[in-house]
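A.B. asks: Residue numbers (the working numbering), protein chains in the order written: chain E, 1 to 359; chain C, 1001 to 1124.
Don't read these hints as lab results, they were simulated from the structure. Note that the Cβ used here is the ideal one computed from N, Cα and C, for glycine as well. Check each hint, because a few of them may be wrong.
[What the hints assert, rightly or not] Derived lysine-lysine pairs resembling DSBU-like cross-links, with alpha carbons at most 30 Å apart: (1) Lys-1004/C x Lys-289/E; (2) Lys-52/E x Lys-1004/C; (3) Lys-188/E x Lys-171/E; (4) Lys-52/E x Lys-1058/C; (5) Lys-274/E x Lys-1004/C; (6) Lys-134/E x Lys-185/E; (7) Lys-1018/C x Lys-229/E; (8) Lys-333/E x Lys-1090/C; (9) Lys-333/E x Lys-1106/C; (10) Lys-52/E x Lys-1104/C; (11) Lys-246/E x Lys-1025/C.
[Said to hold, decoys possible] Partial selection, computed: residues in chain E whose CB lies under 8 Å from chain C: (12) Trp-129; (13) Lys-159; (14) Gly-212; (15) Phe-293; (16) Arg-317; (17) Arg-319; (18) Arg-321; (19) Val-328; (20) Pro-329.
[As the list claims (entries may be wrong)] Computed footprint of chain C on chain E, listed as stretches where at least three residues anywhere in the stretch have a Cβ under 8 Å from a Cβ of chain C: (21) 39-53; (22) 181-193; (23) 230-238.
The primary structure of each chain is shown beneath.
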Amino acid sequence: MPKRTIIPFGPQHPVLPEPIHLDLAVRDEKVVEVIPSLGFVHRGLELLVTRKDFMDMVLVAERICGICSFIHGLGYCQGVEEIMNLQVSPRAKYLRAFWAELSRVHSHILWLGLAADAFGFESLFMHSWKIREKILDIFEETTGGRVIFGVCKVGGLRKDIENDVLERIRKTMDEIEADYRTIAKVFKEDYSVKHRNCGVGVLTADEAYKLGAVGPTLRASGISQDMRKIGYGAYGDLNFEPVVEKDGDCYARTMVRVREVYQSFDLMRQCIDKMPEGPVDMKVTGFPKGEFFSRLEQPRGEVVYYIKGDGTKFIQRYRVRTPTFANVPPLVKMLGGCDLADVPVIVLTIDPCISCTER
Amino acid sequence: MIEKQETVEIKPEELQTKVTEAMAKGYRLVAISCTKLDYFQLDYTFDCNLSFLNCRLKLPLVNPEIKSITDIYWSAFTYENELHDLFGIKITGINIDFGGKFYKIKEVAPFGKSITIKTVEGKA
Chain E
1 MPKRTIIPFG PQHPVLPEPI HLDLAVRDEK VVEVIPSLGF VHRGLELLVT
51 RKDFMDMVLV AERICGICSF IHGLGYCQGV EEIMNLQVSP RAKYLRAFWA
101 ELSRVHSHIL WLGLAADAFG FESLFMHSWK IREKILDIFE ETTGGRVIFG
151 VCKVGGLRKD IENDVLERIR KTMDEIEADY RTIAKVFKED YSVKHRNCGV
201 GVLTADEAYK LGAVGPTLRA SGISQDMRKI GYGAYGDLNF EPVVEKDGDC
251 YARTMVRVRE VYQSFDLMRQ CIDKMPEGPV DMKVTGFPKG EFFSRLEQPR
301 GEVVYYIKGD GTKFIQRYRV RTPTFANVPP LVKMLGGCDL ADVPVIVLTI
351 DPCISCTER
Chain C
1001 MIEKQETVEI KPEELQTKVT EAMAKGYRLV AISCTKLDYF QLDYTFDCNL
1051 SFLNCRLKLP LVNPEIKSIT DIYWSAFTYE NELHDLFGIK ITGINIDFGG
1101 KFYKIKEVAP FGKSITIKTV EGKA
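All chains, please: the whole structure from these sequences, using the hints.
C.D. replies: Set out below in C-alpha cells:
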C-alpha cells in the first residue's frame, strides 16, 4: 500500500479568498482523509451584542460578511421584531425581499467568477465580475453602499426606493439578465467546465441531508429545501419553487447557482410588480424580552440566528449559525476519495464564506 | 409569527434518547447553541420539512459535561468542538476531537475565561 502523506491545504491558497485550513491525508494522488481547521480570523462578533444597544447591533450583524451583509442585518432585525411583536409595513417587507434577492444575484455571480478562475477559465471570471459590477451599482444607487448598506433596521428600513427608480432598475435588470445569459450558457455547455466539474465531489441526497448540508450544496443533491418557503417577509406572497439538481457533483452545485440567478431576477420583478404603497419604518418602543430562532435563506443556504433578550437595551445572546459552518462536514465527506487536483474546485463549490463562519 | 417553534425541555441524561428519536423521525441537525445564564443553556435544534424542533437542557456552570451526539449525527463534531472552545463544556465520546484547537487562535480554550467585558458607566 502506498505511503500516507499529510498535505496542508491553506490557509493561504490561490483559490481561497479567505483563510481555511485542511489537512489532507493522501495516498498517491487520492485524498483518504480530511481534517478541517477554522479560526484564523475569528472576531467574536457574537459577544459584541452584550455591549451594543439592540437598535445599533444590526450594524454589527451586517459586518459579519461583506457579501450577504444585507441578509445578516435582515435576520437580526427579523428576530428582534418577532420577539417584540412588531408588525413591519408591507412595503418594507417587499423592499427587504428585493434587496435580499439582489444580494443573492451578487453573491452567485461573484462565486461563478471565482469558480471559473478556480478551474482555469480566466476570461469567464472577468466576464462574471463585469456583470457583478452592475449589480453593485444598483446597490449603490438604492442604499448608498456597495458592500455594507445600513438600510435595514429594527422596525423597517432607513431608506425607501421610489417607484420610478424601481421601474428604471427593472430595465437595468433586463440588460443585466441578457448579459448574464451569455455567461450562463458557457457554464452550462462548455466542455472544459463540464470536464472539471462533472462527477467530481459527489454528495448523495442521503449524505447531504444526514450531514446537515444547506443551500445549493443540499439542493444540488436532489433535496428540495429552501428556508424562503417558510414564508418570512414578503416571500409568502411570492411564487417560486426551490431550484434542485440531482447529480450532487460540482457541476450540479454550479448549475443550482446558475439557475437561482434567474429565479432571483424573477422574484425581484415580482417584488416590483406587487410593491405596496406606504411607509417603510415604524417607531420602536421598549426593549426585546423573549427569544426566537430567526431562519433565513442566504445565497449559501440556511442561516440561523438565536436571539434572546431580557428586557434591557442589550441583547442577552446572539448566536449565528452560518451556512458555511453547516457545510463543513459535507465538504469533508465530498473530499474523501477525490483526486488531489480536484480539491480546490470541490472546496469552492460549497461557496465557502469564512468571513461568515469566523463571526 | 413567522413559524411555530417548539422547544422541549429535557434532562441531560435524556439527550441521547431524544436525539435518536429525532434522527429516526427524519430530522436534520440544524445547530447546537449555548447560552451562558446562571447555568449553561444548550439548544439542540432540528428541522424536518421546515418543521422546527428544539431540545433544551441545562448544565451547571462548574464542570459542565455532556455526552457527544456524534454517534447519531456525525456532523455534530463542529458544533461540539465549538461548545468546548467557546464555553469550556466537556464533551465526551466526540468522533473528531480537536482538543481545544478547533479555532486556531493564540488564546487557550475555553476563550470565555480570559474575556473581560468593559462597561461604560451609565450604559450597562
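A.B. asks: For each hint, tell me whether it holds in the structure or not.
C.D. replies: So, going through the hints one by one against the coordinates:
1. Restraint check for Lys-1004/C and Lys-289/E: satisfied, since their Cα atoms lie roughly 18 Å apart, inside the 30 Å limit.
2. At most 30 Å may separate the alpha-carbon atoms for a hinted pair to count; Lys-52/E and Lys-1004/C meet this at roughly 29 Å.
3. With a C-alpha separation of about 25 Å, the suggested pairing of Lys-188/E with Lys-171/E holds against the 30 Å cut-off.
4. Of the pairs offered as hints, the one joining Lys-52/E and Lys-1058/C holds, with about 27 Å between alpha carbons and a cut-off of 30 Å not exceeded.
5. For the hint linking Lys-274/E to Lys-1004/C, the alpha-carbon distance of about 27 Å falls within 30 Å, and the restraint holds.
6. As the CA atoms of Lys-134/E and Lys-185/E are separated by approximately 19 Å, the hinted pair is consistent with the 30 Å bound.
7. Restraint check: the Cα-Cα separation between Lys-1018/C and Lys-229/E comes to about 27 Å, which is no more than 30 Å; the hinted pair holds.
8. Taken as a hint, the Lys-333/E and Lys-1090/C pair is honoured in the structure, with Cα atoms around 26 Å apart against an allowance of 30 Å.
9. Between Lys-333/E and Lys-1106/C, the direct Cα distance comes to roughly 29 Å. Compliance with the 30 Å bound is thereby established for this hinted pair.
10. Using a Cα cut-off of 30 Å, the hinted pair Lys-52/E and Lys-1104/C holds, with the two alpha carbons roughly 27 Å apart.
11. Under the criterion of a C-alpha separation no larger than 30 Å, the hint pairing Lys-246/E with Lys-1025/C is consistent with the structure, at around 23 Å.
12. For Trp-129/E, the suggested interface contact is broken, since its CB lies about 31 Å from the closest CB of chain C, more than 8 Å.
13. Here the hint on Lys-159/E is broken, as its CB sits about 24 Å from the closest CB of chain C, past 8 Å.
14. For Gly-212/E, the interface hint holds, the least distance from its beta-carbon to any beta-carbon of chain C being 5 Å, beneath 8 Å.
15. With its C-beta approaching chain C no nearer than about 6 Å, Phe-293/E sits inside the 8 Å limit, and its interface hint holds.
16. With a least beta-carbon distance of about 4 Å to chain C, the hint placing Arg-317/E at the interface is held under the 8 Å criterion.
17. With 8 Å as the threshold, the beta carbon of Arg-319/E comes within range of chain C, its nearest partner Cβ sitting at about 5 Å, so the hint holds.
18. The closest approach between the C-beta of Arg-321/E and any C-beta of chain C is roughly 4 Å, which is under the 8 Å cut-off, so the hint is satisfied.
19. Interface restraint check: Val-328/E against chain C, minimum CB-CB distance 6 Å, threshold 8 Å, status holds.
20. Proximity of Pro-329/E to chain C holds as hinted, the smallest CB-CB distance being about 4 Å (cut-off 8 Å).
21. Counting residues of the region 39-53 of chain E whose beta carbon lies closer than 8 Å to any beta carbon of chain C gives 7, which meets the minimum of three for the stated coverage.
22. Note: the region 181-193 of chain E has 0 residues with beta-carbon separation from chain C under 8 Å; the three-residue rule is not met and the coverage is violated.
23. Here's how the region 230-238 of chain E fares: 3 of its residues keep a CB closer than 8 Å to some CB of chain C, so the rule of at least three is met and the hint holds.
Going down the numbered hints, you'll see the structure goes against 12, 13, 22, while the others check out.
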